[in-house]
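Asks: Respectively, the protein sequence lines represent chains A and B.
Numbering of the first sequence is given in numbering that gives the first Met the number 0, commencing with residue 0 and proceeding in unit increments.
Numbering of the second sequence is given in numbering that gives the first Met the number 0, commencing with residue 0 and proceeding in unit increments.
Because the hints were derived from the structure by calculation, they are not lab data.
Treat each hint with caution, since some may be false.
Capping the alpha-carbon separation at 20 Å, the derived lysine to any residue pairs in SDA-like fashion look like this [claimed, not checked]:
#  : chain 1 : residue 1 : chain 2 : residue 2
1  : B       : K24       : B       : D36
2  : B       : K54       : B       : A91
3  : A       : K24       : B       : P350
4  : B       : K24       : A       : V349
5  : A       : K76       : A       : H29
6  : B       : K24       : A       : V288
7  : B       : K54       : B       : A105
8  : B       : K24       : A       : K76
9  : B       : K24       : B       : L156
10 : A       : K24       : B       : L289
11 : B       : K54       : B       : D36
12 : A       : K24       : B       : A105
13 : B       : K24       : A       : L289
Chain B regions said to be covered by chain A (calculated; three or more residues, Cβ under 8 Å) [claimed, not checked]:
#  : segment
14 : 207-216
15 : 249-255
Every beta carbon over 10 Å from chain A, so not counted as near; a handful from chain B, in silico [what the hints assert, rightly or not]:
#  : residue
16 : T1
17 : N4
18 : D36
19 : E49
20 : E77
21 : A105
22 : R221
23 : A240
24 : R263
25 : E340
26 : A341
Ideal Cβ placement from N, Cα and C applies to all residues, glycine included.
2 protein chains.
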Amino acid sequence: MTVRNALVVGTGLIGTSVALALREKGTAIHLSDVDADALRLAEELGAGREWTGGKVDLAVLAVPPHLVGDRLAWLQKEGAARAYTDVASVKAGPIADADRLGCDPASYVPGHPLAGRERSGPAAARADLFLGRPWALCPRAETDAGALGLVRELVSLCGAEVVTVPAGDHDAAVALVSHAPHVAASAVAAALAGGDDVALSLAGQGLRDVTRIAAGDPGLWRRILSGNAVPVASVLERIAADLAATASALRSGDLDGVTDLLRRGVEGHARIPGKHGSPVRDFAVVQVVLRDRPGELARLFNAAELAEVNIEDVRLEHSTGLPVGVAEVSVRPDDTGRLAEALRFHGWHVPRVSR
Amino acid sequence: MTVRNALVVGTGLIGTSVALALREKGTAIHLSDVDADALRLAEELGAGREWTGGKVDLAVLAVPPHLVGDRLAWLQKEGAARAYTDVASVKAGPIADADRLGCDPASYVPGHPLAGRERSGPAAARADLFLGRPWALCPRAETDAGALGLVRELVSLCGAEVVTVPAGDHDAAVALVSHAPHVAASAVAAALAGGDDVALSLAGQGLRDVTRIAAGDPGLWRRILSGNAVPVASVLERIAADLAATASALRSGDLDGVTDLLRRGVEGHARIPGKHGSPVRDFAVVQVVLRDRPGELARLFNAAELAEVNIEDVRLEHSTGLPVGVAEVSVRPDDTGRLAEALRFHGWHVPRVSR
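In isolation and in its complexed conformation, chain A is listed as follows:
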């Protein structure tokens, strides 16, 4: 059995992105949302047409975690789909709600795609949001194999990778890798609120990176955190204890205590997989000094093409008030010499080639 048609309930960022991804694979999509504006915008983006009833192969509940059980109960009562899944970022709570409301556990496969953007709403949706990303599925003993097959196919159609994990383990995992880090970023950023302007003027890229996610919507995060309260609290308590111990070690001059945390940090950081879950690919970087004028990058890429070098990534660094910038061009390590030579031949200043 394959997913010929699907109902997406909730046309926010995740729901609309699922709809767009499935549409690209030819699946007919029906949409539903209590917010008429969001629904209309998703329709205009080509995500599908409004649902007017009728049975589909698969229903995707892209609603806030605390509404999953309620919507699932209603849809199952309507007989809306052969299989159901949700995309909530916590799993134990929605499953408990569904059980409490008497939902059929056989046709419901709890899920959570690990993808997102800083912006929300259907306008931020993209068909490739899930490409190469992990998508957790939490089937239970009661789960029907046919339903699981349909939901696995959904994940595959979205270009994501299934990670099968029990709901409790899932919630502890996202507390560790997502929810507690968000609160820690908020606490670092909150400390800045009392800093003076001179102090803030000394901020660099490191601080911007550490605190970037702290800009997230407090209302949304309050719901996420409260839906996973105990696992998040456990991780926060460990982080708080490490920070308090390091503060105490600094005050008493116990430098081994400070080094211990720094070393454990290096170890923990090394365990994070690269982008898209794959090992980080090993590119070399060629730096090129650019003048800030139209066509400069076109000339650079033309020169790379003539040298038969494929450019894997580009980062531009602009300097305030200066008519120059530095392009960091990532290429295969074997190609660096040829590219640097070609660029220098065409008159660019290539200060540095590095691995």
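Assemble the complex: chain A is given as a structure, and chain B must be docked to it using the hints.
Replies: Just chain B now, with coordinates in the frame of chain A:
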């Protein structure tokens, strides 16, 4: 009086970058380092020639914080320069060392360029490392105006911006915006060390951002933190208290307590200035779907040039195992329509234009 020649003591990342920046402006550079390999590499990179004695206009001490006082005392005894500065990331300690060792306070202007990279050593040096970055100077009542003028000229030649701040305020500021955030990132990363592989497989970009700086060298950071122990401990205690309070609020279901920290985090995050200290410029992003083949970007930039659109930034997102990627092209908001039209005309798929 201008900086015609300078002595750079310490040919690591910062010292060699200062030397390269000054050389580009025509200043004659003498180098000194107890590490003969580092010195030779810096020479090979064109940073200058080994110092063999003789008086210069300015000596830049690019040595670890705990060695600044000692080296300053020796150089002043030799009469090596008209003015002296250092680049240590803490200021109260080196100044106290200098006073204790009987250094002349008039010719020494304590300094700290806020720039760095994850890599260290002369091979990572670049002449543009300081472009547009803040560079703290901490003159005292005893500081000679001529010495201050020479050091301000150094900052200007490196393309950086002077921020004048008393040493104690400087140390409190870097504790807030750099040192304590580093320890917090280490604590978040340290919590991962005990996580299982499935948990880590659910990690996303947010976690990578929060923990990126935790990969820094523990030996180097142990010295930085111990040189600024009390200010860092104060900030860490506030962050630890916020995290412990949030954990407690989560366990007791006090959601207002959770929201309070999230809100203060949004506020604090908004106070961080943009890259290079300037307000974040408001660009619009045009997404373009690219095939992964040589010349694709050249064709894209050619099309942009024909449309007379200046490209301000480009980010490439590659998808694992797929022969396509998405380029996010930043341009002035007024230019988005013309660019999207031009790209579509030339056959690209342009799924989204966003602010």
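Asks: State for each hint whether it applies.
Replies: Verification of the supplied hints:
1. Taking the CA atoms of K24(B) and D36(B), the gap is about 26 Å. The hint is violated against a cut of 20 Å.
2. This hinted pair does not check out: K54(B) and A91(B) have alpha carbons roughly 27 Å apart, beyond 20 Å.
3. As the CA atoms of K24(A) and P350(B) are separated by approximately 16 Å, the hinted pair is consistent with the 20 Å bound.
4. Distance restraint check for K24(B) and V349(A): the Cα-Cα separation of roughly 18 Å lies within the 20 Å cut-off, and the hinted pair is therefore satisfied.
5. A distance of roughly 18 Å separates the Cα atoms of K76(A) and H29(A); the hinted pair therefore holds under the 20 Å criterion.
6. Restraint check for K24(B) and V288(A): the C-alpha separation of about 16 Å stays at or below 20 Å, so the hint holds.
7. Restraint check for K54(B) and A105(B): satisfied, since their Cα atoms lie roughly 17 Å apart, inside the 20 Å limit.
8. Between the alpha carbons of K24(B) and K76(A) the distance comes to roughly 77 Å, so the proposed pair goes past 20 Å and is violated.
9. With a C-alpha separation of about 7 Å, the suggested pairing of K24(B) with L156(B) holds against the 20 Å cut-off.
10. A C-alpha spacing of about 19 Å is found between K24(A) and L289(B), which places the hinted pair at or below 20 Å, so the restraint holds.
11. Distance restraint check for K54(B) and D36(B): the Cα-Cα separation of roughly 25 Å exceeds the 20 Å cut-off, and the hinted pair is therefore not satisfied.
12. Under the criterion of a C-alpha separation no larger than 20 Å, the hint pairing K24(A) with A105(B) is inconsistent with the structure, at around 73 Å.
13. With a C-alpha separation of about 18 Å, the suggested pair K24(B) and L289(A) falls inside the 20 Å cut-off, and the hint holds.
14. Evaluation of the coverage hint for the segment 207-216 of chain B: fulfilled, as 9 residues show C-beta separations to chain A shorter than 8 Å, against a requirement of three.
15. Counting residues of the segment 249-255 of chain B whose CB lies closer than 8 Å to any CB of chain A gives 4, so the stated coverage by that chain holds, three being the minimum.
16. Residue placement check: T1(B) keeps its beta carbon more than 10 Å from all beta carbons of chain A (closest about 21 Å).
17. At the 10 Å boundary, the C-beta of N4(B) stays outside the reach of chain A, the nearest C-beta of that chain being 23 Å off.
18. Every CB of chain A lies more than 10 Å from the CB of D36(B), the least distance being 18 Å, so the non-interface label holds.
19. Distance to chain A confirms E49(B) as a non-interface residue, since its nearest Cβ pair spans about 22 Å, more than 10 Å.
20. With 10 Å as the threshold on Cβ separation, the claim that E77(B) sits away from chain A holds: the shortest Cβ distance comes to roughly 33 Å.
21. Even its closest Cβ contact with chain A, about 25 Å, leaves A105(B) beyond 10 Å, as expected for a residue assigned away from the interface.
22. Taking the minimum C-beta to C-beta distance to chain A, about 5 Å, the non-interface status of R221(B) is violated against the 10 Å cut.
23. The non-interface label for A240(B) is inconsistent with chain A: the shortest C-beta to C-beta separation is roughly 8 Å, within 10 Å.
24. Distance to chain A contradicts R263(B) as a non-interface residue, since its nearest Cβ pair spans about 4 Å, not more than 10 Å.
25. Listed as outside the interface, E340(B) is consistent with that label: its C-beta sits roughly 17 Å from the nearest C-beta of chain A, beyond the 10 Å cut-off.
26. The Cβ of A341(B) sits about 12 Å from the closest Cβ of chain A, beyond the 10 Å cut-off, so the non-interface label holds.
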